[in-house]
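J.: Sequence:
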Amino acid sequence: MEAVQGAGSNKNDVEIKGAFKQFGANVVLNGIDLEVKQGELLTLLGPSGCGKSTTLNLIAGFLDPDRGEVHIKGNNVTKVPPYKRDLGMVFQTYSLFPHMTVYENLSFGLKLRKVGKADQKRR
515 MEAVQGAGSN KNDVEIKGAF KQFGANVVLN GIDLEVKQGE LLTLLGPSGC GKSTTLNLIA
575 GFLDPDRGEV HIKGNNVTKV PPYKRDLGMV FQTYSLFPHM TVYENLSFGL KLRKVGKADQ
635 KRR
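For the working numbering, add 514 to where a residue sits in the sequence shown, where the first one is 1.
For the record, the hints were derived by calculation from the structure and aren't laboratory data.
None of the hints are false.
DSS-like, lysine-lysine: derived pairs with alpha carbons at most 25 Å apart:
no.	residue 1	residue 2
1	K628	K587
2	K593	K551
3	K598	K551
4	K525	K593
5	K566	K531
6	K551	K566
7	K635	K625
8	K598	K525
9	K531	K593
10	K598	K566
11	K625	K598
12	K598	K587
13	K525	K587
14	K598	K628
15	K525	K566
16	K531	K587
17	K525	K551
18	K598	K531
19	K593	K566
20	K631	K598
21	K587	K566
22	K551	K531
23	K551	K587
Between beta-carbon pairs, the in silico distance windows are:
no.	residue 1	residue 2	range
24	N540	A632	42 to 50 Å
25	V541	D633	40 to 48 Å
26	K631	G560	36 to 44 Å
27	P612	Q552	31 to 39 Å
28	E618	F534	36 to 44 Å
29	F534	R599	19 to 27 Å
30	D547	K628	35 to 43 Å
31	T557	K587	18 to 26 Å
32	K628	G545	35 to 43 Å
33	N544	N619	32 to 40 Å
34	N540	K628	39 to 47 Å
Here the structure is a predicted model, which means the values were calculated and not measured.
For every residue, glycine included, the Cβ atom is placed at its ideal position computed from N, Cα and C.
Please work from the sequences and hints to get the whole structure.
T.: Below is the structure:
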């Protein structure tokens, strides 16, 4: 897996330290370290099965690393559940509500956070 990074400041928004993840006998992440600085854009590239989705799921909290740590804005969130991480994630698979419009799907998370209608529309 390659990480392609852009320019940013020195503060890390996301940091993974020594993450190891194994599914059965299949080692998917073998002690990876990753830093994403504030304002930086990151793309994970690689073949199927190389650990891209596993890495994103560790950051989001949908998977726990077998070893290692995940930090968001300097806070260790390794044991913090996904709903307390204040992150959003777009899944590869179809994960929209089919009974809602595009706008309703996009504003759903903002409604849960009690963002006002005018601010929802602006965002």
